[in-house]
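Quick mapping for you: the protein sequence lines, in order, are chains A and B. Per the numbering used here, numbering of the first sequence is gapless, rising by one per residue and ending at 326. Per the numbering used here, numbering of the second sequence is gapless, rising by one per residue and ending at 569.
No lab work stands behind these hints: they were computed from the structure. A hint or two may mislead.
To be verified - In silico lysine-lysine, DSSO-like type, Cα no more than 30 Å apart, as pairs:
(1) A/K204 / B/K431
(2) A/K92 / B/K277
(3) A/K204 / B/K289
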Amino acid sequence: MIIPEEHDIAIRIRGLVNAFGDQVVHDGIDLDVKRGEILGVVGGSGTGKSVLMRSIIGLQKPVSGDIEVFGQDMTGGSENDAEALDIRRRWGVLFQAGALFSTLTVAENIQVPLREFYPGLDPALRDEIASYKVTLVGLPAEAGPKYPAELSGGMRKRAGLARALSLDPALLFLDEPTAGLDPIGAAAFDELILDLRDTLGLTVFLITHDLDTLHAICDRIAVLADKKIVAVGTIDELTHLDQPWIQEYFNGPRGRAAIDSAARSGQD
Amino acid sequence: MNRGADFTYEPGDGKAIIRFSGRLTLARMGDLPQRLASLGGYDHEGDAHDDEKIASVSVIDLNEVERVDTVGAWIIHRIKRDYGARIEGGKPDVVKLLNEIEKADQKVQIHPDTNNTFTEMLATAGHATRAAGASVIGMVGFFGAMMVGIGGIIRNPRRFRLNAVVQRFEVVGINALAIIGLMSFLIGIVIAQQGATQLEQFGMEVFTINLVGRSSMRELGVLMTAIMVAGRSGSAFAAQLGTMKLTEEIDAMRTIGVSPIEALVLPRVLATTIMMPLLGFYAGVMAVIGGMIFVWAGLDIPPITYLQRIREVVPMTDVMIGLIKAPVFGFIIGLTGCYQGMQVEANAEEVGLRTTSAVVQGIFMVIVLDAIFAVFFTGLGWK
Chain A
59 MIIPEEHDIA IRIRGLVNAF GDQVVHDGID LDVKRGEILG VVGGSGTGKS
109 VLMRSIIGLQ KPVSGDIEVF GQDMTGGSEN DAEALDIRRR WGVLFQAGAL
159 FSTLTVAENI QVPLREFYPG LDPALRDEIA SYKVTLVGLP AEAGPKYPAE
209 LSGGMRKRAG LARALSLDPA LLFLDEPTAG LDPIGAAAFD ELILDLRDTL
259 GLTVFLITHD LDTLHAICDR IAVLADKKIV AVGTIDELTH LDQPWIQEYF
309 NGPRGRAAID SAARSGQD
Chain B
187 MNRGADFTYE PGDGKAIIRF SGRLTLARMG DLPQRLASLG GYDHEGDAHD
237 DEKIASVSVI DLNEVERVDT VGAWIIHRIK RDYGARIEGG KPDVVKLLNE
287 IEKADQKVQI HPDTNNTFTE MLATAGHATR AAGASVIGMV GFFGAMMVGI
337 GGIIRNPRRF RLNAVVQRFE VVGINALAII GLMSFLIGIV IAQQGATQLE
387 QFGMEVFTIN LVGRSSMREL GVLMTAIMVA GRSGSAFAAQ LGTMKLTEEI
437 DAMRTIGVSP IEALVLPRVL ATTIMMPLLG FYAGVMAVIG GMIFVWAGLD
487 IPPITYLQRI REVVPMTDVM IGLIKAPVFG FIIGLTGCYQ GMQVEANAEE
537 VGLRTTSAVV QGIFMVIVLD AIFAVFFTGL GWK
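The following block holds chain A by itself, in its conformation from the complex (with noise of 0.2 Å):
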């Protein structure tokens, strides 16, 4: 369902400056993620990826830049604006630990943001959502009136995806999302954004270290690095990319095995 409708970009990003007191964390950024697409983004610890997603979804205020979601600016303007709203349903957060509330049931954390929107909305059928939720994001139907402090960190993701995708957003935010999974797990996690993106047409904007799901299910990725977006492009353009971190995250020996077993997967 990538329909292209006015724009093909879902995020654009120019010249974004983050800063916290003297530490500039981000001098720069410019970053376009177009519809419909999984994009990758990379770099060292402390290069600030989770703070460009915080400034993306407006979390965390630039110093100076500009950003647009679907075309709507997200710089300017207080968080409670009609417009910023309207673009809050259409993107889904997964952040790192989850971050569900931990005095709802699993169920009840998907049905917040569906209460908090459509307030209208028939209360079975708002059950029934949050049921099939659970169940499509690979669940089982025990998991649905357990506490988050009941699950495993594994569970606890898979929960916070299906709050994420509650309101059937266009755009999705992961961070880190298989950080702490067995590689089974993270795996069958990849496998579930792809499949995700494949039937909703969603738009990931995802954070990572797992050099498996860069190569699993990224369109492109982003490389950040030196406070600035050093290069975007498929895992093949960036392998022939003269940058050294680059060169480094790629073909040192963790890259290496990761490009092998793509390579194998491939195959079979």
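Keeping the supplied structure of chain A fixed, place chain B upon it in accordance with the hints.
Then chain B, alone, in the frame of chain A:
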């Protein structure tokens, strides 16, 4: 090209058709679910409707549909499932989405199980009783663990963490001076003012000095300080240790071989135990000063006379009583704060609950002990 969700129903014997059109998405759904429900089949309240009802649906026509999200797909799937209808038309991605949703059709419980109110009430009472019992036993156990910790330190004094203790002194004692001083000063004024009003009726305003001096040195100074320390430090202990427990810091300490009792609990309990008599005495003095200001301004008794009277009417035993009670109160407050903090297990909400119990239990036990002390000291003849 941007229409909301809509549908038409064409009844027919064996070939009734529902034609959906527009955007079947959550944002454009409008009242479509209600209108479908009013046609029958999805009435969750069980009311009978007089409108025309869908007797059967054999075809669902999706040719006019522009977009579908999972909610739209779910509504289509529901009709298909309930009437055994056939899907006609629809773009390939819509069909794909329908297949995905069909796979996800599963009843999931939303809320945790709840029993009926009466059994629930009995169960709550039972749980509360058991928790109260467990708390008493746990406290005794915790007290024991602390004594073992103290024993260990006496045998091996180099393990004593002087820095941690002194740092706690500052947090519990020094940083509380301003607020406790102001509180006691104001209480001294209030007692003097209220006392003077009553005693005036008998022409015995001068006894206001006895009232202020004795009540603040013997009872109020220490008691109010204990309440303030429980609120400031007891709660902080519970919240700090509880958060450390959640972030596995305490487990990390154990694996490194550091005893959390020695490193965390003892310095805190020691700090409240030692700081309480100092703060309590200081509070008593501040209350006396507050009384002095009022007596000077309101009753025209000069400070020098006031202090002279205080020396005559406040017996040394009153000061002793305050100083004996204070460390016991401090110990109890530190112990409950640390104990409740160490009991945190599941989530952030529990940190809040445990912090509350630390303060409530701490103050409650202080007041119970104060009553026992009052009877005890009177029995000793320290009137």
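Each hint tested on the structure:
Between A/K204 and B/K431 the alpha-carbon distance is near 22 Å, which keeps this suggested pair within the 30 Å criterion. With a C-alpha separation of about 23 Å, the suggested pairing of A/K92 with B/K277 holds against the 30 Å cut-off. Only pairs whose Cα atoms come within 30 Å are accepted, and A/K204 paired with B/K289 is accepted, the gap being roughly 22 Å.
Checked against the numbered hints above, the structure violates none of them.
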